[in-house]
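Enquirer: Now for the letters of each chain:
2 protein chains.
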Amino acid sequence: MTSHTIAPVVPARGRLRPLGIDEVRIDDGFWAERQRVNGTNTLAHIEAKLESEGWLPNFDLAAAGTLPQGRRGREFADSEVYKYLEALAWEIGRTGDEDLEQRFRAIVARVAAAQEDDGYLNTRFGRPDQGARWSDLEWGHELYCLGHLFQAAVARGRTRPDADDGLLQVAVRAADLVCREFGSDGRDAICGHAEVEVGLAELARLTGDRRYLDQAALFVQRHGRRTLADIGFGRSYYQDDVPVRDADVLRGHAVRANYLSSAAVDVAVDAADADLLDTLRSQWRRTVERRTYVTGGQGAHHSDEAFGEDWELPPDRAYSETCAGIGSIMFSWRLLLADGGPQYADLIERTLFNVVATSPAPDGRAFYYANTLHQRVPAQPADPDATSPRAQSSLRAPWFEVSCCPPNVARTFASLAAYLATADDDGVQLHQYASASVRTTLPDGTVAAFRVSTAYPADGRIRVTVVEDGEWTLTLRVPAWATGAVVRFGSEDSADAAPGSFALRRAFRAGDVVELDLPVAPRVTAPDPHVDAVRGCVVVERGPEVLALESVDFGADVAEAVLTADPVEVDGRVSAEVRRRDTGESADVALVPYHSWAQRGPSTMRVWLPTS
Amino acid sequence: MTSHTIAPVVPARGRLRPLGIDEVRIDDGFWAERQRVNGTNTLAHIEAKLESEGWLPNFDLAAAGTLPQGRRGREFADSEVYKYLEALAWEIGRTGDEDLEQRFRAIVARVAAAQEDDGYLNTRFGRPDQGARWSDLEWGHELYCLGHLFQAAVARGRTRPDADDGLLQVAVRAADLVCREFGSDGRDAICGHAEVEVGLAELARLTGDRRYLDQAALFVQRHGRRTLADIGFGRSYYQDDVPVRDADVLRGHAVRANYLSSAAVDVAVDAADADLLDTLRSQWRRTVERRTYVTGGQGAHHSDEAFGEDWELPPDRAYSETCAGIGSIMFSWRLLLADGGPQYADLIERTLFNVVATSPAPDGRAFYYANTLHQRVPAQPADPDATSPRAQSSLRAPWFEVSCCPPNVARTFASLAAYLATADDDGVQLHQYASASVRTTLPDGTVAAFRVSTAYPADGRIRVTVVEDGEWTLTLRVPAWATGAVVRFGSEDSADAAPGSFALRRAFRAGDVVELDLPVAPRVTAPDPHVDAVRGCVVVERGPEVLALESVDFGADVAEAVLTADPVEVDGRVSAEVRRRDTGESADVALVPYHSWAQRGPSTMRVWLPTS
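Residue numbers (the working numbering), protein chains in the order written: chain S, 253 to 864; chain U, 253 to 864.
Here are a few chain S residues that sit away from chain U, every Cβ distance over 12 Å (derived from the structure): (1) P413; (2) Q473; (3) R497; (4) A524; (5) Q535; (6) G593; (7) G752; (8) G763; (9) T835.
Restraint ranges, calculated between C-beta atoms of paired labels, are given here: (10) U:P633 <-> S:S304: 43 to 53 Å; (11) U:D500 <-> S:T835: 18 to 28 Å; (12) U:R267 <-> S:P636: 43 to 53 Å; (13) U:G853 <-> S:T735: 45 to 55 Å; (14) U:D818 <-> S:V820: 33 to 43 Å; (15) S:A778 <-> U:A778: 17 to 27 Å; (16) S:P636 <-> U:R477: 21 to 31 Å; (17) S:D818 <-> U:D530: 46 to 56 Å; (18) U:V820 <-> S:R825: 50 to 60 Å; (19) U:A481 <-> S:T835: 39 to 49 Å; (20) S:D437 <-> U:Q321: 36 to 46 Å; (21) S:R825 <-> U:G593: 42 to 52 Å.
In case anyone wonders, no lab produced these hints; they're calculated from the structure. Think of the CB as a built atom: it goes at the ideal place given N, C-alpha and C, for glycine as much as any other residue.
Could you put together the complete structure from these sequences and hints?
Expert: What follows is the structure in structure tokens.
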């Protein structure tokens, strides 16, 4: 383990060691394009909105001492600034962009100026005519906001350890205050929205200050002890119904649940708490099996943005919040580092391609907040100049009253390279496939260095070219759907690679090529028969992508569609015979990647297709 | 038409004339029991809660001039007092109970004392440190509350026209204020929750003051002109998206939508506006066909308590609010009076047996607010002493933070006799079947008088015994499901009565018997193939009752159930062969009326049963 890894999550121990964004670089293809758009368009778009919506100026008002007058935005508006800072930090680390560096420093200065002498930092509480500090733990989001501040400071501390901007000092002062206020001798309380826990854990890993990890552990442990008020949604909404250690599945608000579970893994790993880790693995398994959409999306309720019960997965009311997808990736990634199980990387892939990639428009300036799997009525374009008061009902919108998703997507894309590969004592594990360069030094000094070339997911061929001589093990994830995958190495006969992991130890020479061939031809997937909402339907998938039927291709409302034959792929175009229930006519209709839907104007759409 | 009819809805014209509760009396059976429990238990339960929750004392504080200090309850708390007054008025009219009469007068005195000099009456607005009058039309519910006051005053005015309690005067003063404030020269505005419109229309019908009807028409007409703010749920939430006249289906909040539609029928009928009535008929049709559960329940969303899109009818997330069912009955009843179409009475029957009857516990002291069609996890008993913060998730609860349903059920049960039968120039139409006595005088002076004896819905035999000589037409509704119904009259051969209406004109003699035989044997109903959420499932119905599978009968979680054979009825017990998906075992399992579910402790339950 090294504390110098430039990655969002650097546990004290674990089966796999994360690689930093200095060790893995995405060069080309599907994700490189999204990183590019994120850097060129999304970040500027977010900053403009943070200014015009008043969420950044709130800090100026705080510094000027004039709050609460003029404060704008919801309780958690500060956190969007912090998520944006985190995104900037990763992007600066990735590109060294000098303009972004100046913007970053300017915002940090404004944030720092708003911090109070004792470390408290929040524009919504604590002043005359505002709520008292920590007076509304259920809905106030004060600790939640600080958690995002800590993650931003960690991103900065790892990408620019010698920077003098002061963000880390701001975070440390705030974290010290949190430890004083909420330590074992302090308030026996938690925040209604988990997040401070992951922030504190990572701040401990960065600074080496064990108090922050203890505080994170304390917060995790306090969940489920019913210190928060009962509310209409029930205490499960903020995971204060059952202790993490006693729970058997994720429940309640899907973002909160995933953030808390992520923190619980952090705490369990660093404390070598095998029991806690076991229950989290088992919670993950049941959540994926019974409470997760085929897209990887989580959250079946609009009312409380929450998980439904087991098997409750309505496509038309799928909430599948973009941020819940990101939270699920956070949780899976931590379990992957702890365990090495390929199922975690499988879910990350599914979620990246079908939730996170679905949210932003191609220009990176509009987003889905919720990601329905069935659009019954053509949604209208969002007003490009307006802030959407709702999570759903228009096409991708430029901004929301609750606008967590844009900066959350931005920080994820900016740090995405850190989720592609890991290392252990023997070699490197490749979890996600993209054209990329990887170079890391193993504990014995061996350098594992290679390039990945692929047009994935359009094509299933992944070509790994070794760049430096060295003996090490290359482990390739074979997705669960990839039955019939094949690995070829030089002149060696190809080997069938069963779903799971395929490991190849060689004394590699520069120029050696390992090829993995994943069968990405379209396939038909039937649902678990317990899922009531999609009985009698199937979904068509292609590689890691879920496909969708859109009315703009079908020529009619998708409510009339019945799939009558298996899909075929010709020249990269997937289509299937679909019958119209109303007219009885059948036609060959294109199926498009779900993440690309609603890019050709208002349409109806469905992922699950009735077969009779 | 007579303005003396003692019924909730007395239009100026229409195909059918309502009969008052002095003309129809429910004597025995299913509904008589519910009326009895309502009178003995529910009314006292409600009054105790209105006191202990502070919603009645709010009026005392208003009278004492000490508000806003100490005010309790939500914006619409006043309305629960008015709904309760309406229920009391009908119950007093029905039974002449002297104790209830004293309670009624005591509450009216407290309400009257809170009214301001200019007629304004609301405990939540208009005082220093409260919101200004009419300052929050989106959420304030001021006009909504007054609408319920008007309905209470109408109930009292019709049941006790000579009473000196003063409620009608309170209502008239408030209605005059509404006309001054919101008349054609006043504020161009509506209330976020429709209700004042039906109240004003009926107040006009009672008092003969045309201004109130004009004001109701103005409010109806103003809907859809976007005078209310856009909100997260969209303006469709309060039917301010599209004018009533231009809409093609009910949408948005299901209670609001039905109350508004009811008022629109009132306005259309009294103004002989055939076009408006036509569009309302057509909206009703599409709403029933595409947006109504098999139970008659309406509202597919929890988040906004709203209708979903066409075909969006998830059983597990059915909101199907009790009050939306009552609103739907209000709407259907008005169309039935206007048109005479048996389809309206069919829906009323379906909704009464499967929504309204489902809400209260047998003792009338606990209620379902939402009526799911699929319970995935056994709900726990509600705390009998607590107020439930949520509409769903426990068994029937004694009271809610939003507690519209208990008093709404109470006023419906107390006035239920008024929904059984109607008259026209030729005779009497029997719409709902219950043991009852009916006596009315037709316009030509003929007396139509008869008793109805039946064990419906347990038994399908309905026996009408004429009590006085007279020539008139008896029209019997034959429900849409009752294929094979038979009518017998004395020694006459039985006649097949096709679904719809069966009319029999005779010079009846006292003692004559007409028998209607409705085939109530259990039947299997398939869903419309457009309804995605229940594809591959069927529902078992018996007469007007929807049946349900409960885990307490199944012996396992209903998630494992597959219906493998048609249901049979033996000695009044309906059962069917059900296979367990997990074990593969099959057994003969009882199916119970949906309205009786969750009366044997926590259980899982489903109405729609998978067939494979």
